[in-house]
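Chains as they are written, first to last, in our numbering: chain A, 1 to 235; chain B, 1 to 235; chain C, 1 to 235; chain D, 1 to 235.
There could be a bad hint or two in this list.
Chain copies aren't distinguished; within one or between two, either way the pair holds.
Within a straight-line C-alpha distance of at most 25 Å, the following computed SDA-like cross-link-like pairs (lysine to any residue) qualify [what the hints assert, rightly or not]:
1) Lys190 <-> Arg86
2) Lys111 <-> Gln73
3) Lys190 <-> Gly21
4) Lys111 <-> Gly123
Bear in mind the hints are in silico, worked out from the structure with no lab data behind them. Bear in mind that the values here come from a model prediction, so they are computed numbers and not experimental data.
There are 4 protein chains.
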Amino acid sequence: MSTADLLRDLVTANRIIAHEGVVDAYGHISVRHPERSDRFFLSGSRSPELVTLDDIIEYDLDCNPIDLRGRTQYTERPIHGAIYRRRPDVRSVVHNHAYEVIPFTVAQNAKLRPVLHVAAGIGAEIPVWDIRHRFGDTNLLVTTIAQGDDLAQGLGANRVVLMRGHGAAIAGISIQDSVHTSAHLKINAKIQAEAMRMGGDVVYLSEGEIAEMRRTSAGHARAWEYWTRRAGITG
Amino acid sequence: MSTADLLRDLVTANRIIAHEGVVDAYGHISVRHPERSDRFFLSGSRSPELVTLDDIIEYDLDCNPIDLRGRTQYTERPIHGAIYRRRPDVRSVVHNHAYEVIPFTVAQNAKLRPVLHVAAGIGAEIPVWDIRHRFGDTNLLVTTIAQGDDLAQGLGANRVVLMRGHGAAIAGISIQDSVHTSAHLKINAKIQAEAMRMGGDVVYLSEGEIAEMRRTSAGHARAWEYWTRRAGITG
Amino acid sequence: MSTADLLRDLVTANRIIAHEGVVDAYGHISVRHPERSDRFFLSGSRSPELVTLDDIIEYDLDCNPIDLRGRTQYTERPIHGAIYRRRPDVRSVVHNHAYEVIPFTVAQNAKLRPVLHVAAGIGAEIPVWDIRHRFGDTNLLVTTIAQGDDLAQGLGANRVVLMRGHGAAIAGISIQDSVHTSAHLKINAKIQAEAMRMGGDVVYLSEGEIAEMRRTSAGHARAWEYWTRRAGITG
Amino acid sequence: MSTADLLRDLVTANRIIAHEGVVDAYGHISVRHPERSDRFFLSGSRSPELVTLDDIIEYDLDCNPIDLRGRTQYTERPIHGAIYRRRPDVRSVVHNHAYEVIPFTVAQNAKLRPVLHVAAGIGAEIPVWDIRHRFGDTNLLVTTIAQGDDLAQGLGANRVVLMRGHGAAIAGISIQDSVHTSAHLKINAKIQAEAMRMGGDVVYLSEGEIAEMRRTSAGHARAWEYWTRRAGITG
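The task is simple: from the sequences and hints, build the whole structure.
Right, dumping it as C-alpha cells:
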C-alpha cells in the first residue's frame, strides 16, 4: 500500500472512531510510516471527526514534527512515539477515553477481560497503568517522552493498556486492527459490566479461544467496509 | 408470495435488523426457499446494513452455494443450514450479537426469560449452547456442519438458542417472525436486566400467557411497516 | 380550540411520542372530542411515527367507530374508552411500553415514584395493575370493555397506572399534558432506577412538592414547542 | 471580544448544550456582560436548541430585563443573577437537568466526584443544595431572589452545585468553560455511577491532580470546535 493510500485510511479511521463513539472531542489514532519504521503519522490537534489529509503531521519517534507548517500538535503524542519505539511489531496506535472503558480504570475490584469472541483481539491480559506511580500529581496527560516510555512499559507485550482516570492506549498491527480492537474494547466493556451486575460468575474467553480468534481474525474487512459507509465515506 | 418478493423482503429484513441495532457489522438473516424446502437464501459476506439483492446467494442444506458468481461467503452459514435441516417448521433464521443479549450468555446466574408481552415470541425456554462442550477451544465461530448440527440440537424445539460468549440464533416461521423475535429478544434482555437489578423477584410471563400471545401475535404487520419506514425503505 | 386544530395536535402528539421514545412500533394516544364528551379520537392501527390525519377515527365510549371507512383498528382501544367513561376529568390518554418503565411493572420490590420536579405530573401514587388477577392467562392485551374497565378501576383517581409485563396508561387533562406526563414518566423511571442502584435511600418528592408542581406546571408550552420542532413538524 | 461576538457564542453554546444532551426542553446558559459586570445576558423562555440572537435578553443582577420587548422570561433567572452577584469571578452560568446527574442529587449515599481527568473542572467538592431546607414545600423552581441567593450560598466557592430532585448549576469563567464543565459533569456522572456498581472502591482524582488539570485545561478549544460543528454551526 502506498503512503498516500495509507494516509487516506488514517483519515477514514479518524472518522470511524468518532462515528462509532470510540472517541469524542478527544482521542487520536496514528500509523507508522510504511517505508521508514522510525517515523509515524498523526493528526494535528483536532477532534477525530474533523480530521482531513491536511491535518496529518509526520513525526520521528521522539515526537518531533518533520514539517509542522504552523499546525498545532496534540500534547499527548508521546503515547504514540513511545509505543512505536518499544514495540517494532506495532504499526498503529489509538488513544481514547471511551466512557464504557473508563470505569474499569478506576474500579478497584473490576478487571477488564474478553467475554465476547469478536473482542478477543483486546487480549487475555489488560494491565492498568497509573501515571501517579512514577510522576505523582499531574494533569494525567502523557506529554513527555519519559511519561510515554513508562506507559509503553506498562503496556508490555499486550494489545491494550488502561490508563487510570483517563482512558486507554491500543496497539495494533494495522490501522484496521487498532480500530477494530478499540471499537471492541468498548463493546466488551459494556457487555462485561452488564454481566458482572447479574450476580454470579462470568465466563470469560479461555486463553486458547483468544489465541484461536486472533489467529483467524475473520470479518475484519467486513467491519471496515461497514464502518466506512456509516461514517459517510463513499470513496 | 413469489420468490422475487421474498428476496426483496430479505433485503428489507437485513436493513431493519441493522437499523434497529439487532446486528452491527456482524450477524445475518436467511430465509428458506419457498418452493424447495432443501434450499435457503443468505447474503454473501457483507454487513446487513449494506446488503442488496445482488448479494443474496442460494444454498443447499449442506451450505453449498448453487451459483456463487465470485461472491465471498459468510463462514457461519452452517448455523442456517443445520437449523433448516433439523427443523422443517422453521422458514427464517437470524444469527446476531446484540449487546443486550450477550451478558445472558456468560453470566452464570442469569437466565433470559420473557417479561414483556410483545416479547413472548422468544419462548418460555431459552437454552444456552457452548461450543466448547463438544469442540474444545475454538474461535467460537460455527463454521462446520458438525458445529451447526450441535447448535441446532442445542436449540431443540425452541425459538431461540443463546451462544456462550458469542450471540444467539433465532428460528422463525417467516422473515417477519424472525425479525420480530430477534428485535424483541434484545428489548426483553434490556428490560429484564434492569428489573433483575431492582433487588426483588421478577414476575415473568406465565406459560399460558406465552402460548396466548404466540397464538394471536397481534401487531406484527404494524411493526413491520414501522421498521421498514425507519430503515428508509419506501418501496 | 376547533376540532380540526385539536386533530392536528393529535397527529403532532403521535410524532412527538415516537420521536422521544415514549412509544416504538406500538402504543397510542387519544383525545376526547371537544364538543361531545361521549366521543374520542384515536388513530387506526398504525405506528405513531407514521400517523396522519387520515388515520384518525372517531369513537363512542364503547369503542365503536363512528365512520370506519375500511381502516384497521387498534385492538386495545378499550384502554381509552374505559378511562374516558370513568374519568370525566380526563381529556387525553396515552398507552405505551417505554422500556425504562416496564421494569417497574415486573420487579416486585420496586415502586415508581417521582424523584424529579418536572416529573411531578406522574403523581404521588402509581398503582400496578395485573390483567391476570381477574382474567387469568391472556395475551395481556386489553381488548374487551370488561378488561378496559378493570384497568380504569386500577387507575382510580391517579394520573398513571402501570400494567404488569406490558406498559402503562397515562391520563391527562389535554394532549399536551398526557404527552408531557408520559415523556417524564420514562425520564423519571430511568433516573429513579439509577438512583436506586446507588445503595442508600432515595429522596422522593414530597406530596406537598408534587401538589405545588402540578398547580404551577411551568414550562409545558416550552417543552411542546421543543418536541414539535424535534419531531420535524414546522407548521 | 466584542459583545456582539460574545452573544453569537452564547447562541452557539445554547445549541451545543442541547445537541450534547446537557439540556433537553429545559435548562439555560447565561453570560455576564463583558463591559458591565452588573449585567448579564440570558435567552427568553425557549428551549436551548431553538434559541436565536433575537431571544437574548439583557438583565441586571436583580434579574430585571433592560429591554424586554414582549418576550417571555425564564422563571428561574434568579439562579443566574444570584451567582453573578455573589461570585465576581464567574462569567457564565449553566442550569440544567442532565439525566445522569440527577441520581446524585437524590441518592443519599452517593457523592459526585471527579474520576476522569477531563472532568477535573467540576471541582473536588460538589455540594448538594435542597430548596426544602429553607423554603419548605415548593415546586422546586428557583424563582425568587431569596431562593437564588440561598442556592448561590450553597454553591460557595465551588464550580458546581447540585439541586436535590432538580438538577445542577454550573459556574464558569467563560461560556466555553461553563459548557465544558457541564458537559463533563454529565460524562463524569455516567462513568462514576458505572464504576460504583462494580463493587469495590473507586479511585477519584486527587486534589493535586484536579488543581494541575484546571491550571492547564488543555483541549478546551478543540472541544469547542468539535461541539460547534456537531451542533450544525458552520459560521
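Hint check results:
1. Taking the shortest Cα distances, Lys190 and Arg86 never come within 25 Å of each other, neither inside one copy (30 Å) nor across copies (35 Å).
2. For the identical chains of this complex, Lys111 and Gln73 are neighbours neither inside a copy (33 Å) nor across copies (36 Å), given an alpha-carbon limit of 25 Å.
3. For the identical chains of this complex, Lys190 and Gly21 are neighbours both inside a copy (13 Å) and across copies (15 Å), given an alpha-carbon limit of 25 Å.
4. For the homomeric pair Lys111 and Gly123, the shortest alpha-carbon distance inside one copy (13 Å) is at most 25 Å, but the shortest distance between copies (28 Å) is not.
When held up to the earlier numbered hints, the structure conflicts with 1 and 2 and fits the remainder.
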